[in-house]
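Trainee: The two chains are supplied separately, each in an independent frame; assemble them into the complex guided by the hints.
In case you want the letters, here they are:
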Amino acid sequence: MINAVGRDIPDEILKATGKEVFQGIHYRDGYTYKKDGPVTRCVSDNTRSKLVDSIHDALIKCNIKDGMTLGFHHHFREGDYIVNMVMEEVHRLGIKDITICASSLGKAHDPIVPYIEDGTITNIQSSGVRGKIGQAISSGKLKGLAIMRSHGGRVRAIESGETRIDIAFIGAPTCDDYGNCRGIGGKSNCGVLSYALVDGDYADQVVAITDCLVPFPNFPAHISMTKVDYVVVVDAIGNPDKIATGAAKPTTDMRKLMMADYCTQFVVNTPYFKDGFSYQTGVGGASIASTISLAKIMKERNIRMRFGVGGLTKPMCDLLANDQVDCLLDTQDFDLDAVESVKDLKHFRISAGEYANPFNKGAVVNKLDFVILAALEVDINFNCNVVVGSDGEITGAQGGHPDTAAGAKCAIVIVPLLQGRIPAVCTEVTAVTTPGESIDVVVTDYGIAINPKRKDLIDAMRGVDLPFKTIEELRDIAYSMVGEPEKVKFDDKVVGIIESRDGTILDVVRKVKEYTFADN
Amino acid sequence: MMNPEKKRLRRTMMFLNAQKPGLIKDPYIYKPDSIMLDLEDAVAENQKDAARFSLYHALKEINYHGCERVVRINALDTPYWKEDIRCAVAGGCDSIRIPKTERAEDVKLVEEAVAAAEKEFNISQGRTLIMAAIESARGVMKVLEICESSERLFGIALSGGDYTKDLQTRITGTGVELMGARQHMIIAARAAGVQCFDTVYTNLDDMEGFRKEVESIHLMGFDGKSIINPRQISIVHEIFTPTVKDIIFAEKVVKEIDDKKAKGIGVFTVDGKMIDIAFYDGAIRTIYMAKASGVYKGDL
Chain E
157 MINAVGRDIP
167 DEILKATGKE
177 VFQGIHYRDG
187 YTYKKDGPVT
197 RCVSDNTRSK
207 LVDSIHDALI
217 KCNIKDGMTL
227 GFHHHFREGD
237 YIVNMVMEEV
247 HRLGIKDITI
257 CASSLGKAHD
267 PIVPYIEDGT
277 ITNIQSSGVR
287 GKIGQAISSG
297 KLKGLAIMRS
307 HGGRVRAIES
317 GETRIDIAFI
327 GAPTCDDYGN
337 CRGIGGKSNC
347 GVLSYALVDG
357 DYADQVVAIT
367 DCLVPFPNFP
377 AHISMTKVDY
387 VVVVDAIGNP
397 DKIATGAAKP
407 TTDMRKLMMA
417 DYCTQFVVNT
427 PYFKDGFSYQ
437 TGVGGASIAS
447 TISLAKIMKE
457 RNIRMRFGVG
467 GLTKPMCDLL
477 ANDQVDCLLD
487 TQDFDLDAVE
497 SVKDLKHFRI
507 SAGEYANPFN
517 KGAVVNKLDF
527 VILAALEVDI
537 NFNCNVVVGS
547 DGEITGAQGG
557 HPDTAAGAKC
567 AIVIVPLLQG
577 RIPAVCTEVT
587 AVTTPGESID
597 VVVTDYGIAI
607 NPKRKDLIDA
617 MRGVDLPFKT
627 IEELRDIAYS
637 MVGEPEKVKF
647 DDKVVGIIES
657 RDGTILDVVR
667 KVKEYTFADN
Chain B
20 MMNPEKKRLR
30 RTMMFLNAQK
40 PGLIKDPYIY
50 KPDSIMLDLE
60 DAVAENQKDA
70 ARFSLYHALK
80 EINYHGCERV
90 VRINALDTPY
100 WKEDIRCAVA
110 GGCDSIRIPK
120 TERAEDVKLV
130 EEAVAAAEKE
140 FNISQGRTLI
150 MAAIESARGV
160 MKVLEICESS
170 ERLFGIALSG
180 GDYTKDLQTR
190 ITGTGVELMG
200 ARQHMIIAAR
210 AAGVQCFDTV
220 YTNLDDMEGF
230 RKEVESIHLM
240 GFDGKSIINP
250 RQISIVHEIF
260 TPTVKDIIFA
270 EKVVKEIDDK
280 KAKGIGVFTV
290 DGKMIDIAFY
300 DGAIRTIYMA
310 KASGVYKGDL
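Note that the protein sequences, when read in sequence, are chains E and B. So the mapping is simple: our numbering equals the position in the first sequence, first residue as 1, plus 156. So the mapping is simple: our numbering equals the position in the second sequence, first residue as 1, plus 19.
Here chain B stands alone, though its shape is the one from the complex (with noise of 0.2 Å):
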């Protein structure tokens, strides 16, 4: 049976240093959908036991609030990737980020040692979901066999620092270069039936920016955005919420379909617009967001 929390509301799914204790003490005060624990970049070569064991207590001892707690092992081809995934699922983390995927090899390597960790420490298997980050060229041609690769899988995410390295230009702020991945990436996920999460916007100072992009890979169709900042989240929030109205039009869609069907009536008109059975998916979906959102108190 597939684990529900594969398709849990993961609008944004903040970074944080797992070594410093002020930042994850309380990150769900500021109600991400997601905390991302960071053992691999943000946490220094030689300080990488002393990580885990803050994040092995935090995440004992923390009652992170219903907030998806992702942990970030280190590289595949790095020594540190085994022990972190331990401690992570002894701890009874939600979910494990693999950085630097580029096959669906990497990805059933992790598989196996979550399993082990799962059972080592009498974690009901299956618990513990995987995502895969895609940095480089080869990740994004592999794109769809990696989101086909696990059941575990809940989805993949870009990350547009290190792609942009792999493509030998940079991040400037017009989306141009990560244009590509983006659309590859979002396909394959649709296709495969996981998430797509888009990559972090550095730029604190640029609020108008971060607004303008986040706007952009919704409307392509991203889950959510991973984010540095929690001064990000309201933004991503707002914007990946269903109006007030969009709530009502899909509240009115799904009836008169319901409604429709059942008089055997296919084509009709909801405020003017020309509805059919196609558009019941995509209301289902709106009201499943605002009611994960928390924003629907309708009776669907």
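Chain E on its own, in the form it takes in the complex (with noise of 0.2 Å):
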């Protein structure tokens, strides 16, 4: 059946998993439902301790078994050492048939490999997925379907009862013997646990696992007591200097610089940058340089910032030292400066639920009025991907990256016109993770081109001295460049869904076949 989005999704796989086609960012806008609740096993007997020796312990008083859903959060991103130790213990007891639904997985978490292929793992649900897990997921070797999902859509579908998560698994960089966990502190300080609240929320067993137990009461609180079945105390939950780093050095690149300056350019020439304005952006070299050059025009024109939002790095929380931005909004922490603003009393933690959910009766993202992202494809109707790679291969996350564009006012994609000798616009993106109707504008180091939908910005930009261009100009500047990619060759297989973040289905991601040269 086609989709919103012009994408074939398979009669066999919506019959598979109940889902629907993509029908539009707004169509479930009004959708009643009830929400689902966690099996909550009582502690009232004052004596009996939460804490077990080992996450082999956690795992057997939870009952482990196969087909068990478990859950994860990415907040130690590529320095992270839960997933890898839980599944070793899985492993270890013969458990088959786990479902995966973290927040994300990286390359860090290569060495679980081997339990996809063996059976221990059949099923994973994640905003994305980097490295070894993403081969081989797309050379079908999950024997289940990965499912694709926002930061938003996790917290949808768990807490609708969708996906239901019989254990998380919550890395507490502190954390005391009755479950109180903390996000800051410790040796792998993240600074925020926003992923997990919903794992605390609605898992029906909660592990909390962590290297810095502390006295009780560890407090305010990230995630509390009153959900949390087992403490586990181990070495080390990550490794700090993959947690978060020293902040990036501003780029130097001047094609980034470009692109950041063009974007800068478009977002004050809008309606909507004047006092009060919010504003998001990611940790590429192009958007930290965007946020740079809007703090100083922001200074220059006395325009003051109402909130930021979203992952964190050094410049926003400048922007909160500089008291040019009247509060942040937190769900994660990119770099040292980052984690140490958490401090600050405007800089507040939220939940990803907060953040995203297209499901809550209203999401941060919905109050936003830029913002700004990267794509490793976009194509002439703006669809933007930003998880299979153009070899075909899972090689990304959607992060925020549908939840955010649906909500703000003004959605742009930086995007360098050719990554290496691929035409980043094009025809046809290699798959579809966040539709083209969300997004507003593309910069690229070519050109800007306004979704002609957006006639408001094209009318606000009369005038402007920026490189305008349309979208197929773009597309066929690439093409004069580099040529227009041969297709990458898909088995039919569908090993994959990406998911929209109100649940239903953007596209497939197919079994990529081995490449084989024609003959001449």
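The set of hints was computed from the structure by calculation and includes no laboratory data. Honestly, I wouldn't trust all of these hints.
When the alpha-carbon atoms are kept at most 30 Å apart in a straight line, the in silico DSS-like pairs for lysine-lysine are as follows [unchecked claim]:
{"#": "1", "chain 1": "B", "residue 1": "Lys-274", "chain 2": "E", "residue 2": "Lys-405"}
{"#": "2", "chain 1": "B", "residue 1": "Lys-44", "chain 2": "E", "residue 2": "Lys-645"}
{"#": "3", "chain 1": "B", "residue 1": "Lys-264", "chain 2": "E", "residue 2": "Lys-455"}
{"#": "4", "chain 1": "E", "residue 1": "Lys-452", "chain 2": "B", "residue 2": "Lys-264"}
{"#": "5", "chain 1": "E", "residue 1": "Lys-430", "chain 2": "E", "residue 2": "Lys-398"}
{"#": "6", "chain 1": "E", "residue 1": "Lys-452", "chain 2": "B", "residue 2": "Lys-274"}
{"#": "7", "chain 1": "E", "residue 1": "Lys-171", "chain 2": "E", "residue 2": "Lys-565"}
{"#": "8", "chain 1": "B", "residue 1": "Lys-264", "chain 2": "B", "residue 2": "Lys-274"}
Small disclaimer: the values here were computed from a predicted structure and weren't measured.
Mentor: Printed below as a string of structure tokens:
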């Protein structure tokens, strides 16, 4: 069945998943549903300890069995040890058919690939995957389906009961013996635990794993003892060098600086750039550079930001330190400056649900004026792909991309026209991961394209000295330089689905066929 | 007839290694006035042919959107320069930059090779221009004869690194070591009616130092500066582009002189300044620079 972004979703996938095809970003606005609730085991005996000796013991106490769904968060990013430690024990116990429901998975989790191959893990639900897990999924090694869903989409799936987490494992930088978890402090300080809050609220059993046990009460707790069943102390829950590093040095790459400048000039010429505007940006060089140049213009024009949101970096936290923004709403900290900034009274932690869940009674993303995003590919319908590489392998994550794009008044994608020799602006993206109806502007090093549907933005840019082009012109420039790439060859087998934030299916990912050269 | 390209706007001339496809595929997006595709120092001895290959195809295939394409050939005491010229001219480059120029004969030698290549590849005679890099004390002393050596020669450029070595000093950042050469070269260039370009500034971490140097050479009369990174372009263009105030004043001067001349008045005032015919050429040049830089919207 063809969906609203023109993708053919096989009937057997719709049947197997019970899902509908994507029908537009606000298709489920006004939808009513009853939230799911966790099975809760009461603790009233004051002599009962929640401390268990090992992850192995925690798994035994939680009655781990075949077919369970395990929850994980990704606040430790590429420094995470939790997923690997837990899955190693699960494998040792001979458990099979596990579904991993993680807020994201990265290269740090390459060691679990053998557990995909031997059937320990048969389903993966994540914002995205990178490295060898992506290769394993794309080569058809995962028995079940990989579901790629946004940060808001994950909360929706869990709260609506579509995904029931049997056991959630929460890596906690500090924790007391009764399970009060904080994202701050300890050796693996990650600042916030936003993505894990829904696991705490909705998983049937919650295991906190820490390498820094502190005296009770570890307050104010980010995840309360009222939700935690067991506490395990291990030597290390992550590699601090890969969790939050020193702030990235601002880029000196002129191409990125130029795109950042185009982006900033666009932003300041829209009607939304006025006192009290709101803003989110990413961690790429051009995004960071655009925040820096925007801060300069805000100062010059005496314009103040009401709030900044999202995964945060130093330039965003500098806005708070320099009193250019009223407050920051934090879902993740990408550098040590952001972790440190969490101490500021106007730097608020928010949950992934507050941030982006489309099945809330309203999320923060809906109040965004601007979001600055990146992409692997953008097509002439403004559809974006941030998950599947141009070689067909899964190698990225939706993160908050579709959530913020749908919510923001002005969603801007910054992308170099060519990624190496691959055109980033193309006729049709390899996979649609953010629908073009929510993307307003594409900024490249060769020019800027405004979505023709945004006539208001086109009008606002009249007389503005920026290199405007149509998206087709940008595609044509890219193709004129490197040619139109041959389409990736896929097998019929569907290995994953790209879920829209409302749970409908945006696209499917098929098994990659080995490349063969055409006979000449 | 003089090739009109001789006098084109050349505020920035950006060095690019001709062997690096990533660099030469689209430098025009940064809008330098000229790019200099280097076959000389940036290219290793055993890679000269590979660099010529990528240079030729880049010149043939890439639309540089009006950005001047200068090719720096290898020095005349190497076995490479003649083939460099054949490739560059066959590719359709706009200009050849001669390194280590020390005498008029160097330019004439290149001129002959360029003319032969134009004939060989059916390029219209005289299309390919030449510029001479001055990199030694001897070159500086012979600079006037170099400037006057060829009808194809549009300008000279100081190459500070080699020049200071020859002078047995070094680049200090103060400019004192280059003072004599800069002054001598700009005077000779102006006397001969060709353009004059300053040397590169290599410390990319010191953009303030770069700005000061550009301001200084602009005041000395240079036409532009060799650059090594696109981050340097906007600073040079900003300094070399007339300000709105300059343009308005120049416009008034030109119009008033034209008007007063018709009325037989030789000396008068504009905005409180005493003006006579001696101001005319300077004002015309300001308007020309403003036009060439794309900032003049008036009717002159």
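Trainee: All the hints need checking, so say for each whether the structure fits it.
Mentor: Status of each hint after checking the structure:
A distance of roughly 51 Å separates the Cα atoms of Lys-274 (chain B) and Lys-405 (chain E); the hinted pair therefore is violated under the 30 Å criterion. A threshold of 30 Å between alpha carbons decides the hint, and for Lys-44 (chain B) with Lys-645 (chain E) the separation of about 29 Å falls inside it, so the pair holds. At roughly 26 Å between alpha-carbon atoms, Lys-264 (chain B) and Lys-455 (chain E) fall within 30 Å of each other, so this suggested pair holds. Proposed proximity of Lys-452 (chain E) and Lys-264 (chain B) is supported: the alpha carbons are some 25 Å apart, at most 30 Å.
Taking the CA atoms of Lys-430 (chain E) and Lys-398 (chain E), the gap is near 37 Å; set against the 30 Å cutoff, the hint is violated. The hinted pair formed by Lys-452 (chain E) and Lys-274 (chain B) fails the criterion: a straight-line CA distance of about 40 Å is larger than 30 Å. At most 30 Å may separate the alpha-carbon atoms for a hinted pair to count; Lys-171 (chain E) and Lys-565 (chain E) exceed this at roughly 35 Å. At most 30 Å may separate the alpha-carbon atoms for a hinted pair to count; Lys-264 (chain B) and Lys-274 (chain B) meet this at roughly 16 Å.
When held up to the earlier numbered hints, the structure conflicts with 1, 5, 6, 7 and fits the remainder.
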